[in-house]
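Number of protein chains: 2
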Amino acid sequence: MSNCPAEIGMTLDQIQTPALIVDLAAMEENIAILAKRVAENKAGVRLMPHAKTHKCVEIAQLQIAAGAKGVCCQNVAEAEAMVAGGIKRVLLSNEIVGADKSERLARLARSASIAVCVDHESQVDMLSAAATSQSSTLDVLVEIDVGAGRCGVPPGERAVALAKYVASKSGLRFAGLQAYHGPAQHFRKPEERTAAITKAAQLTRDTVALFKAAGLACEVIAGAGTGSFENELASGVYNELQCGSYVFMDVDYGRNQTDKPFANALFILTTVISAAAPGRAVCDAGLKASSVDSGLPAVHGRPAVVYAKISDEHGTLEISGEGRVTVGDRLKLIPGHCDPTVNLHDWLIACRDGKVEAVWKVARGW
Amino acid sequence: MSNCPAEIGMTLDQIQTPALIVDLAAMEENIAILAKRVAENKAGVRLMPHAKTHKCVEIAQLQIAAGAKGVCCQNVAEAEAMVAGGIKRVLLSNEIVGADKSERLARLARSASIAVCVDHESQVDMLSAAATSQSSTLDVLVEIDVGAGRCGVPPGERAVALAKYVASKSGLRFAGLQAYHGPAQHFRKPEERTAAITKAAQLTRDTVALFKAAGLACEVIAGAGTGSFENELASGVYNELQCGSYVFMDVDYGRNQTDKPFANALFILTTVISAAAPGRAVCDAGLKASSVDSGLPAVHGRPAVVYAKISDEHGTLEISGEGRVTVGDRLKLIPGHCDPTVNLHDWLIACRDGKVEAVWKVARGW
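From first to last, the protein sequence lines stand for chains A and B. Residue numbers for the first sequence follow the numbering used here, so the first one is -5 and each next one is one higher. Residue numbers for the second sequence follow the numbering used here, so the first one is -5 and each next one is one higher.
Rather than coming from a laboratory, the hints here were simulated on the basis of the structure. There could be a bad hint or two in this list.
Which copy? The list can't say, so a pair holds if one copy fits it or any two copies do.
Capping the alpha-carbon separation at 30 angstroms, the derived lysine-lysine pairs in DSS-like fashion look like this [unchecked claim]: (1) 303 x 193; (2) 36 x 63; (3) 183 x 303; (4) 36 x 183.
Full structure from sequences and hints, please.
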């Protein structure tokens, strides 16, 4: 396979670096833990894991085999990859704009259940035109801003008016609300996350009541992420969870205070290429292998070695005390932020007991 | 072409977003300005532009047509793409480790002049074994640390000893010194850059004298970048310049104080997908379209619109005063850092007078 850094059966030492490796045992446990937690809930809340984290059909299939009802995607190319891989239900959990993208999405709705969010009439017009031209039906969620400060109309009457507009258009079916609070995922203290989602849930609940009064049924009330899902699960109003990062975890999510952390299952395998000065070494995983929007990667299992600086193709390591690093050593790095790090790579190398069990393509691009 | 966001002849409005667009007129002027500056110098200093910025054979060919002697690369996959595209001289401007990568590099040396850096005997051993097995010859530069604090042996006798080791090995030819000062490129004040490179040049000059005394000729003395090249050009010791970012520029290099700035030639084309709250809008270029290691992208030509926050697939824009942004508007963003932003994309869309003139593949991966 073109430019793939590994082949099935290789040991970790044989993989070309830098490479993104998945610890299958840890990932499977993460998938099982969340699936069990969601299955236990008596309110019938469903799991729609976010595929923007892994961009990988095979992982989506494992999540669905464990009980997920489908997946969320964040762009049309991800949705195309998931449907091509046999996933039957996809929520594109934000707005898309443009005739071409709307057409591509409406085409997918001929062979899978596709939902998408809106917060403006012009998006609705484009989606309706595309679905009509493709003879398909798109489910549409009205996105409300419950505190994230990004997309979404304000909760309340504006949302009802937009939903009525959706319901009036051919090719579209009004399906419910998207009410995701992104920043709350990364609030460090559980009480901060609880406070934010309690408020988001109340805004959502009030809006659902307005919809009911207007004769509009909200079949789907979607939101939640790895940081806050316990709160949405307990809210009594959300019925679809969109957790993504739980499958891999990263340094940033590791900073959240929680008594039930998921395990790190994603690592950047890197080789030390230089160790010319005492207390310093350089590895071959830099900005083109690891996203740093949420901070530098962490070195796994080597407490004396700190990833201290990053440049295009290099990481500069500081080695303290008893630490010894020599040219050719291999290290495992935990990414600062898993989603954009996966997007830097074309392949995920799935490993178990130190051996490559599978190589999986990453659905990059738009 | 698979997943390419544009076709030749399209207008900017027709390109799928997000996309990376090159302003050909601006880029050609940047290439011409540096080529002229290097051609004027009486000391015979050569230009070897760094291809890690663009990862694009067609741009390398334009640089060579303007007088460059070859290109620098930062990893083996870039070097492979350049040689496959007909580039005859490549310097891999850092160390590589591993039998497989060494073999790939030695294979390239059968059809092009290939140089690579070392700072440890174990790298030399691997390169020698690979060149011998491929029946090729690799040029080797000893890297010295002239203040960057990353790779490189200390200037002085340690460098001489390593060069002697290189010269003793079959398949390798000792070719000179790599003496690049990375951090100096981004020192904001000209006097700070001058001070750093004056010191680096003195360390290099002293080391060259030791080499001469030991009977070793340093054919190549390489270094410099977009921020500092005037200093290396004036030094009397450097004879190869490795400027990369000058071809595109970015927000970070724009912060350097200089009286002769290069023009911005690289832009992320993005569409506004949401404008649901007053003073705020959201565009479709986020972390997967723009690297933020050197800060957020800047909005080009729209002073009332500021790119204020970034997430996976979104940028949140703040709109002040008279600014008006509506769903479907298109914006051009200047990347914070050009090199890792190019690496997020598979295609460069080359435009002139608002039309697509060419689409160029980006040589991603390792």
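Results for each hint:
Taking the shortest alpha-carbon separations for residue 303 and residue 193, only the inter-copy value of 23 angstroms comes in at or below 30 angstroms, while the best intra-copy value is 39 angstroms. For a Cα distance limit of 30 angstroms, the shortest separation of residue 36 from residue 63 inside one copy, 16 angstroms, qualifies, whereas the shortest one across copies, 70 angstroms, does not. For the homomeric pair residue 183 and residue 303, the shortest alpha-carbon distances inside one copy (28 angstroms) and between copies (22 angstroms) are both at most 30 angstroms. For a Cα distance limit of 30 angstroms, the shortest separation of residue 36 from residue 183 inside one copy, 27 angstroms, qualifies, whereas the shortest one across copies, 64 angstroms, does not.
Consistency note: the structure conflicts with none of the earlier hints.
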